[in-house]
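4 protein chains.
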Amino acid sequence: MSTQQDQIKRIGVLTSGGDAPGMNAAIRAVVRSCVYYGIEPFGIYRGYEGLIENDVEQMNAGSVKHIIHQGGTILKSARSPQFKTKEGMAQAWENIQEHELDALVVIGGDGTFKGAMEFGNKYDFPIVGIPGTIDNDIYGTDFAIGFDTALNTVVEAVDKIRDTATSHNRLFFIEVMGRDAGFIAMYSGIGGGAEEVLIPEKDRGIEQLFESLERTSKRNKSSRLVIVAEGDKNGSVYDLEEQVKEQFGDRYETKVTILGHVQRGGRPSCGDRVLASRLGVLSVEALRDGKRDIMVGIRNRKVEYTELDHATKRNPKMDKELVRVADIISI
Amino acid sequence: MSTQQDQIKRIGVLTSGGDAPGMNAAIRAVVRSCVYYGIEPFGIYRGYEGLIENDVEQMNAGSVKHIIHQGGTILKSARSPQFKTKEGMAQAWENIQEHELDALVVIGGDGTFKGAMEFGNKYDFPIVGIPGTIDNDIYGTDFAIGFDTALNTVVEAVDKIRDTATSHNRLFFIEVMGRDAGFIAMYSGIGGGAEEVLIPEKDRGIEQLFESLERTSKRNKSSRLVIVAEGDKNGSVYDLEEQVKEQFGDRYETKVTILGHVQRGGRPSCGDRVLASRLGVLSVEALRDGKRDIMVGIRNRKVEYTELDHATKRNPKMDKELVRVADIISI
Amino acid sequence: MSTQQDQIKRIGVLTSGGDAPGMNAAIRAVVRSCVYYGIEPFGIYRGYEGLIENDVEQMNAGSVKHIIHQGGTILKSARSPQFKTKEGMAQAWENIQEHELDALVVIGGDGTFKGAMEFGNKYDFPIVGIPGTIDNDIYGTDFAIGFDTALNTVVEAVDKIRDTATSHNRLFFIEVMGRDAGFIAMYSGIGGGAEEVLIPEKDRGIEQLFESLERTSKRNKSSRLVIVAEGDKNGSVYDLEEQVKEQFGDRYETKVTILGHVQRGGRPSCGDRVLASRLGVLSVEALRDGKRDIMVGIRNRKVEYTELDHATKRNPKMDKELVRVADIISI
Amino acid sequence: MSTQQDQIKRIGVLTSGGDAPGMNAAIRAVVRSCVYYGIEPFGIYRGYEGLIENDVEQMNAGSVKHIIHQGGTILKSARSPQFKTKEGMAQAWENIQEHELDALVVIGGDGTFKGAMEFGNKYDFPIVGIPGTIDNDIYGTDFAIGFDTALNTVVEAVDKIRDTATSHNRLFFIEVMGRDAGFIAMYSGIGGGAEEVLIPEKDRGIEQLFESLERTSKRNKSSRLVIVAEGDKNGSVYDLEEQVKEQFGDRYETKVTILGHVQRGGRPSCGDRVLASRLGVLSVEALRDGKRDIMVGIRNRKVEYTELDHATKRNPKMDKELVRVADIISI
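Residue numbers (this note's numbering), protein chains in the order written: chain A, 55 to 385; chain B, 55 to 385; chain C, 55 to 385; chain D, 55 to 385.
Think of the hints as simulated: they come from the structure by calculation, not from any bench. Idealized CB from N, CA, C, for every residue including glycine. One should not assume that every hint holds.
Here's a subset of chain A near chain B, in silico, CB distances under 7 angstroms, partners left out [stated by the list, open to error]:
(1) Gly142
(2) Ile215
(3) Thr218
(4) Thr311
(5) Gly314
Use the sequences and the hints to build the structure in full.
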């Protein structure tokens, strides 16, 4: 094993795809683990785009000073259509050789891992992925970096909206992020004390919402919050508002809020910082141990390695018990 | 004067119009000042609506326990078209007589004060107003209750958006509240470090924005935030985005965020709590001193009484020096 | 099973011991689950103290409206020496019979569960415990309610202290809560980017701290944060400061901060709200299913029942991997 | 005037004394104003210490990118005993000449301004001061940079402590900063809804506290918060606790929290950012206009210039009306 471990002398690290709070904590852990193990760390800017454009810089413990609490990513991020081309990949490979990198740690989501897999296979190059996305839609880890912070950001916003909703007896539709997944909506719906949560994984149709609103309009409940996942099948929050207006007239005064990109930023939560620190250390150790083409994750509080192929092809399941809990306590 | 002071034995307090953080601190101060001066305080729910529907409750020091830090208003708020009718006013007057109220403290904005003025004149009834609106568009006070909290909410959101904007080199249009006034936009634009602030009071046309974007697209500045007041004359943030896309194509990757109702809620800032506490005390003391048809405000750190007539007819001016400061530091 | 389920018609709920953010979310979930299952919920104030003094109130869905986001506990908490006496217990039992309660849900930590166990055994009465303590020192659940929020509170404070530490090149000793356990210190140490973490579970003696400070005083590192668990074996933070001053003289400018009771309060994090909501539902369902003398917990994302006897006698272990991660990234 | 304005070609900026949130926003505004007016800005690290050690660096608009929201000061701060010596001053003067600086902007408090005054007089060198201290104890400005943020930090902590105080019916003594001034205590006492505020400017003796506690112990008020300024004349919070214990025995369960250095850090509030931005611009313009030996401040929303001599010799007065308001609403 020691022979393998000596083979990794230089590691490049990049963040790619949508940014997520805690990515900086992960970068910091990767860089410091490298220093700890006598490996030279290199920062690659703007994801695969920077790899192609040779936007690469040697890093050291000082490069990652005072970033653990900062949102965003100091390495910046980008989506790189070029990296899907033969020429783009070839150029990236040239730059990797120029810097004599022995391995890559890539931090991001599905798209990031797909690119890593293709590139790693093509050039027989060791790559380890770290799951970072507020959407939490990555198979192979209980939570992705950024999810916990996004949840806190959302419930904080929901708390604020509840203040004004309650003061005016209003019905709010609040759209949250999550792409095709309803994780942000489901967790923040429970945590925010929402009366309804609409997610793509559990489409019950608009009728169920109508029924529920029918019941409460009779009970004269003071205000109502409906959390809607952006991937929900019943149309946009504006469509929903329109349909509710048609159905209920002025029995409900409705408002719409799309939380938008505030969900991507902000100081990472302690949970995300700890998760990112662990995964950063584990990614470097995995490379030293000869692992490649895998994603490091934490499941049931233990490290888990998932082949990138699986991580990208499978989807994590919505926890049915959470749906049940949401139904029971939103009565 | 002591005769006057003895005439006020029961005071009703209500919040009306859009809610604002700090209204609870004002209610608390009104109620506690009443208790301090041996006056019986009555809470009127849902503004003038509750006055008409006799939704009135006697209060005491205990009724306002642990509310100073809560957003929204425990008395709830509403807009009341009924109060503009003769019948509505008559019903309100009946209820006031039933509860033997000697005066009202009304917390809100322009609309609230207009209603107060008409009603006070019609029935020769003493009313004192307290300015509470995040829009800060009230003449006669440096700041209205809620403005400072809204600013902090907005810059916190802007800080988060900057995290992701910087990570991706994006141009964000962020719409903030303020109705016809640009105060939230101007202050949060400076405080948020925005590159551009678009406000109705200083319409320079879309060309100026284009020029500025032209300059920076050459300097390759990493990200740009444009704060847009909802009352801005150049159209919605979506219109702006569209125009910028047409003009600049893919030289800018644009995004839009409408902050919406989160700006109305949240724990009030210390500044708003202190302001609300002062104005609450001053409103009760003004009534005891025989004042009526006035709004209490703080100007230059001193109490100021403004006739409701003036408060509603005049508009506060945008501070030119702020505009100048914004121009200088956004280079 | 249905017979069992019908036997539980009235459930009392109380919070006891040190309060923790999220307890309100748990109370809310217990009460709403009761309503959902047709059980009458009763709130018992001030823990066992209120049970003895018959400070008991029937609750309904409305009693727990708008509390999910509030710190503290609306049922209040207390430590009850009386409940350890025969007379105290007898009085409590009398009150339980008076209200015809069929079971209790007790929310708290070790002391709470010990009391529950004795009482439950003595009177053959069904009790289910929910783990709520910021210290996280409860066996049988991955996390106790309040821990996640406390971590976020601590890292937020640490972030602030880092601002001033960095500006002045200072060495800070920051004492955090946790009683005999170092969980808050270890997690917040990693999350806060502390250079050193001193916990009771891993006592390395003051010499190791000296060595580390020796190294960095040579490297001229700009500032240093040392997180100290209150249960640490090397004395109080003031003792530590004293010893470092003696050893290093003016090579370090030292400061001490004891975070104190701010760690117990505050709006619960989304994670704590979701955890509390799940455990609240599960506790009521456990009672309906005839379970008793157990604590409901979540381990590896699944419900787990632990006998109260075990929960109080065993201690959760400090995760060794976390200690390792902390060592690697604090270089 | 244009001749004068052309004389200032290079300006040095430094932060000195205790750091305060918003100092970075002030540095940013100074640097950007310089760029705007064609002046070259130089950053001096660690206050006068760095001036003596020639720790000076040319800055540009990019040097102050993304710092407006950061606590602390990127230029760092220090207290410099050396600067009080003839040799220290001479060395500083030499470095100023080496960098061909034409003027200084110094950001800090009393001590900072005294040093500036002596140095400016001795070498006939133009210096302008910007008031930055959370203690707000500077004459010549309504508010100093950092005060507003510290207030929000304190009330947020007080809100958290109230959660746990209320849950346990406890009496808390909370010590806040402010040196000899009670501004933080008075404002945060009102904003935090404290039952008592003890400040050096209004020493009523321990007896008054006893009387008040006597009254409320009879009324059985659920919890009590006493905010104590660090400069209060009745001894430390620990002394106070001791005296209350002696007087009241177990009628009150007491706790002590010293908020400490968290008050110095954190993201600046919007108010502090706007204030700092204005003062930064004004300081550079004052120098261009030939002003020297003055501090720029904002009074009654307008710029005000105060001779450094006055700023250091006089003390701002505690607003009597605030004391009155605190008394009325804490009944």
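Hints versus structure:
1. Hint status for Gly142 (chain A): violated, given a least beta-carbon distance of 18 angstroms to chain B, over 7 angstroms.
2. Interface hint status for Ile215 (chain A): upheld, as the beta-carbon distance to the closest one in chain B is roughly 5 angstroms, under 7 angstroms.
3. Restraint check, Thr218 (chain A) versus chain B: the minimum CB separation of about 4 angstroms is within 7 angstroms; hint holds.
4. Checking Thr311 (chain A) against chain B: minimum C-beta separation of about 4 angstroms stays under 7 angstroms; hint holds.
5. For the restraint placing Gly314 (chain A) at the interface with chain B, the shortest Cβ-Cβ distance is roughly 4 angstroms, inside the 7 angstroms limit, so the hint holds.
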